[in-house]
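Take a look at the letters that make up each chain.
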Amino acid sequence: MAEAALPPPRRVHWQSLLKEAALAAGVALVLAVPLVGFETINVNAVLGLRTRFGWVAIGVAGVFAGRILLGAARSLMPERRYGAPRLLLGRRHTTLAATAAIIFALALPFLPFSSRYLVDLATTVLIYVMLGWGLNVVVGLAGLLDLGYVAFYAVGAYSFALFAQWFDLSFWEALPLAGLLAASFGIALGFPVLRLRGDYLAIVTLGFGEIVRLVLLNWVPVTNGPNGISNIPRPSFFGMPLTPHAPHGITTFSAFFHVPFNPGQRIGFLYYVVLALALVTNVFTLRLRRLPIGRAWEALREDEIACRALGINPTTIKLSAFAIGAMLGGFAGAFFATRQGFISPESFTFIESATILAIVVLGGSGSQLGVVLAAIVLVTLPEFGRGLAQYRMLLFGAAMIGIMIWRPRGLMARREPSLRLHPPRRGGG
Amino acid sequence: MAYFVQQLINGLTLGSIYGLIAIGYTMVYGIIGMINFAHGDIYMIGAFVSLITLLGLTAVGISGVPIALALTLVSAMLFTGAYGWAVERLAYRPLRRSFRLAPLISAIGMSIFLENYVQLLQGAQVKALQPIVRGGFTLMRSGGFTVEVSWLQVVILVLTVALMTVFSLFIAGTPLGRAQRACEQDMVMASLLGIDVDRTISTTFIIGAALAAVAGLMVTLYYGVIDFFIGFLAGIKAFTAAVLGGIGSLPGAMLGGLLIGLIEAFWSGYFSVEYKDVSVFVILVLVLIFRPTGLLGKPDVEKV
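First to last, the sequence lines map onto chains A and B.
The opening position of the first sequence corresponds to residue 1 in our numbering, with each subsequent residue numbered one higher.
The opening position of the second sequence corresponds to residue 1001 in our numbering, with each subsequent residue numbered one higher.
Among these hints, one or two may not hold up.
To be verified - A short list of chain B residues far from chain A (calculated; beta carbon distances all over 12 Å):
id : residue
1  : 1139
2  : 1159
3  : 1269
Claimed, not checked - Dumping the calculated DMTMM-like pairs for lysine to aspartate or glutamate here, alpha-carbon to alpha-carbon at most 20 Å:
id : chain 1 : residue 1 : chain 2 : residue 2
4  : B       : 1298      : A       : 199
5  : B       : 1276      : A       : 346
6  : B       : 1298      : B       : 1186
Claimed, not checked - Short derived list, chain B residues pointing at chain A, Cβ under 7 Å:
id : residue
7  : 1079
8  : 1098
9  : 1122
10 : 1169
11 : 1281
Simulated from the structure, these hints should not be mistaken for lab results.
Because the structure is a prediction, the values reported are computed rather than measured.
Glycine is no exception: its CB is placed at the ideal position from the N, C-alpha and C atoms.
This is chain B alone, in the form it adopts within the complex:
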C-alpha cells in the first residue's frame, strides 16, 4: 500500500510536467492543426534557460530559494516564450498555406536545428545541478516502507494546479482567450470578425512555450540533470498525453499528462524499468488506432 502511494505521488509529479508540455501540443493542434514537433525542444530550451538563470542568480549572490525560484520562473517563461514566438514566425507561418505535411517536415527540421543549436552552444555533456529545494516529510509508514514526499514535489504539484487555474481563466475570460477559441473553431470567420489571426496564433505559441518552460524548470529542479536531448523523449510522451486526452482539448491534455505520468511510474515500479518508454509508445499506438479522438476529444469529421 505504501509503495503504491509512493508511486502515485511520483507519477503525479511526473504527470504534471508532461501535462504542462502537452498543453502546448494540444493548443497548437487545436488552432492550426499541426503537430509542433519542435515543442519538446522548446521545453529543453526552457530547462536550459532555467539552469542558466539559476546559476547566474547564484553567481550574483541572490540565494534565497523562494526569490531565486520566482525570478527563474519569470526568466524561463519570458525567454522560452520568445523562442516559441520565433519558431512559429520563422518556420511555420510562411507555410500556412502550403501542402499538409509541409509544416510537420519543417517542424522536424526545427527540432533537429534546436537540438544541435543547444548542443553547439552549451556542449553535449550532461549538466548536473546541485539540488536547490531540499528536504521533505514522511507522509505515512506501513509495512516497513515509508512514503516520502519532498518539498519539491509539493512545489511542482501546487505550481501546476495554480498555473492550470490561471490558464483556464485566461482562456475562458480574457479577450485573447476568446480570440483563441474563435480561431480554433473557424479561422476565416474569426478574421472576418476582426480578430488578428496571426497575432492569436503567435500568442498561442508563446503561451505554449511559456508553459513548457515551467515544465523545463521543474525537470531541472526535480532530476537535477539535463542535456540537449531531453526534449525528444519528453516531447513524444507529452504528445502521447495530448492524444490520450483528446488532441485539441485543454483539460484532456492535463488529464492525459497525469495518466501518462502515472502509467510510467507504475510501469517502472511494478514491471520493468527497461521497457517504460515502450509502454508509452504502445499506448500512443493503441489510442491512435482504437480511439483517435482520445478521452475528451471531439470527433474529427473530414469534409470533401
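Just chain A, with the same shape it has in the complex:
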C-alpha cells in the first residue's frame, strides 16, 4: 500500500460520536415503540395487544452500537477519493467470468451434485435473468424507469396460453406470436407516454401494469378471472412430447431415444429451453448495444436535449427500447406459462415488477453479468430456509436503498460514457 500518498489517519472524536449514537438510539426508540413494542393479536376473534419491549431494547441497542461502529470506521478509514468508479471486474475478467458461467450453466444438469430440484431452481433463475435483461434494455440502456414491466410478462404468458387454447398452437409456434404481441403492447402503451419526464413515466407505467392486472382479473370470459388458465401445453422436442405416453401416431421423446421415461427429462428439457432463450436474449441485446440504435439509447439516457440537438428523434428511439424490452418480457412470459402449465393474475403483481427492477438495479443498470448475479441471489435466497424467505423482500428493499446510496451504478458498474461534458459530481452522479 502506498501509505505516503494518503493523508494521516484521522482521529475518532468519541464525544461527538457518542452523542450522535445516543441521538440515533433515541430516534430508533421512538420508531420502535409503537410498531415493535406492541403486537396486535387476535384473542377470541377480538383484537388485543401484546407487548414486546425486549425487542425494542435489542433494536435500540443494535442501532446505538451500529452507529458507533459506523462512525468509528468512517473516521478511521482514509478519505475516499472520487475518481473513476471502481469496477468489480475488469473487462478481461468479465469475459472470463461470462464464459465460465455459460459452461457451468450448460453442464449443470449433468454435474454430480445436481438434482431435479436444483435444475428447477436454475430454471426459475433463468426466467428472472431473461426478464432482467429485457428490463435492462429499458432501464439500464435507455434510462426509462418502467415500473409496470410485469404487464408485458403477463401479456406474453396470457397470449401464449390463449393461443394454445383457442388455436391449438404449440409452444414453438406461439412463442414468436407472444413476443410480437407483447412488443405491440409496448408500442401501444409507450406511444402516448414517452414524452413524459422520467419519474412521471415511472408512475404511468406502474398504472399500466396495474390496469393490465385488473383487466386480467375481471375480464372473466376471456381470462377466466382469478381462477386463471390451466392445462397449458408443454413444449415438445421437435414435435416429440416429453411424456410417458403419447396419442397414437406420435412418438414420445423417450421412445425415440430408446431411454426409459423419467420426469427429470422434462425438467432438464425446460431448463435447456430457457437457457437457450436467455443466451439468445443476451447475444441479441449485446449486439443491439453496438448498433446505432443501441448507442442512441445510451446517448438518450445521458442527455436528452443534446440528442435532440443532434437530430435524434427521442420518441422513436425510446419507443424501440420499450418495444424490444416488452418483446423480451413477452418471451419470458410465454416460457413461464408453458413451464408452470397454469397462470393466474396473481403471478403478475407489482411486487413482481419491483423484483425485476431490483434485479436490474442491484446488478448494475446496463450490466449483463450483474443481472445474472442479482437474479441468482434474489431467487435462491429464500431457498435457504423459511426464515430467510420471510426477510427476503425486507432485505431487498434495504438493499435497493443501500445500493443507491453507496454504489448508485450497481454492483457491477456499467460502461461509462467515454466523453463527459461535466465531470461526475462528488458522491455519485
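We have chain A; now place chain B onto it with these hints.
Below, chain B without anything else, positioned relative to chain A:
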C-alpha cells in the same frame, strides 16, 4: 336523487382521506422534485399506529370516545411524523445530489422495506377493529331511499377542513412556512439567505407524514379493517389526486383528493365496483398525457 346525495357524501369522505395523503406527495414534490413513493406506506404506518394506540387506550381503560380519539390523533401524528423524518434522513438525504432517478428507486426500496417491516412485526392478516364512533342521522328521504350520514363521516369532514385551515395558515404565516415556500422556489438562494434547507426539508416530510397519519386514523375508523398492504393502492390514488390537482400546488392536492374520492364513489355507485381502481389509473394516465400540470399547477419549464 337520494342515491346521488349518498354517493356524494361517501365520495367526499373518501376524498378527504385521499386529499390528506396527497398533500404529502405534493409538498415533497414541490420542494425537492421527487415522487415520495413510500408516502403511501407512511400512511399505512399511521393507520397501524392509530390502531395500536386505540387498542392500548382501551386496555388502559380510557374509553371516552372524544378523549380517546384526541389522544390517538396526537400519538399517530407524532410517531408517524418520526417515521417520515427517518425515511427522509436515511433514504433520501444522502441522494440529494445523485442522478435523477436515484431517489425514486430508493423510495421504491423504502416502500418495499416498510411494507415488509410492518408485515413481519404485525402479521400479514387483516386487522379488524370494532367500530368506535357509532350512529348517525338521516339527512333526507326520497323515493324510498334514505340518505344516511354517520357521525364518523361528519368527524372526518370537519377534521379535514380544520386541518386544512390550520395547515394553510401555517404555510402562509409562520417562519417555517415561509422557509418552506422559499425552498420550493429556489433552494440555493434560500440557503444563501440563511434558511436551513435540510431542516426545512425534514419539516416538510414530518408535516406530510403527520397529515398522512390523520388519514390513516380516519381509514382505521371508517373501514375498521387495515393490513400492511393498504398503502400501495391508497398511495397511488393520492398521487393521482396530487397530479390531477397540479403537483406542487397545495389547494390542488385537496381539490384533486376530493375529485378522486368523488370519481371513485360515483364509479362504483353507477358503473362497476370491479373496475373502480382502473378508473383512477386511467385518470392518472390521461391527466399526465394531456395536462401534466394538472388543474391548478404551474407549467414546468425545462432549462438546459
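Out of the numbered hints, which ones does the structure contradict? 10
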